[in-house]
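Novice: Sequence:
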Amino acid sequence: MANMDISLKEMMAIDGAIGAAVVDYNSGMSLGVLGGSKDLDLQIAGAGNTEVVKAKLRTMDSLGLKDAIEDILITLSGQYHIIRPITGRGGKGLFLYLALDRGRANLAMARHHLRAIEDKLEI
41 MANMDISLKE MMAIDGAIGA AVVDYNSGMS LGVLGGSKDL DLQIAGAGNT EVVKAKLRTM
101 DSLGLKDAIE DILITLSGQY HIIRPITGRG GKGLFLYLAL DRGRANLAMA RHHLRAIEDK
161 LEI
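Under the working numbering, the first residue of the sequence shown is numbered 41, with each subsequent residue one higher.
Because the hints were derived from the structure by calculation, they are not lab data.
Just so you know, nobody snuck in bad clues.
In silico lysine-lysine, BS3-like type, Cα no more than 25 Å apart, as pairs:
(1) K106 / K132
(2) K94 / K106
(3) K132 / K49
(4) K132 / K94
(5) K160 / K132
(6) K96 / K106
(7) K96 / K132
(8) K160 / K49
(9) K78 / K49
Based on the sequences and whatever the hints tell you, model everything.
Specialist: Right under this line is the structure:
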């Protein structure tokens, strides 16, 4: 089992990583962040993406879908943003957030690594 700091470092070790965060989507607060830039404020991005998660959960509920979100991908012209709700013990209401440079990242491998990081994370 890995703690949050180790998990954030592992997220930043993924090829193309720009920034990583663990976010509480109930409050919009980032519990931990690593990376980012003057153009990517991870506190703001984490808070804003809580609305994305909440909207998707409401939509799934309205549709009667009894499934879980594996991840949400936002594709920008130069970046990928991956939101992965944490399903393990103690992770209810939290998500991993990873921003990637689209030119340097392998999206399939990033999703694979993010899944493995989530599996090891202990909150």
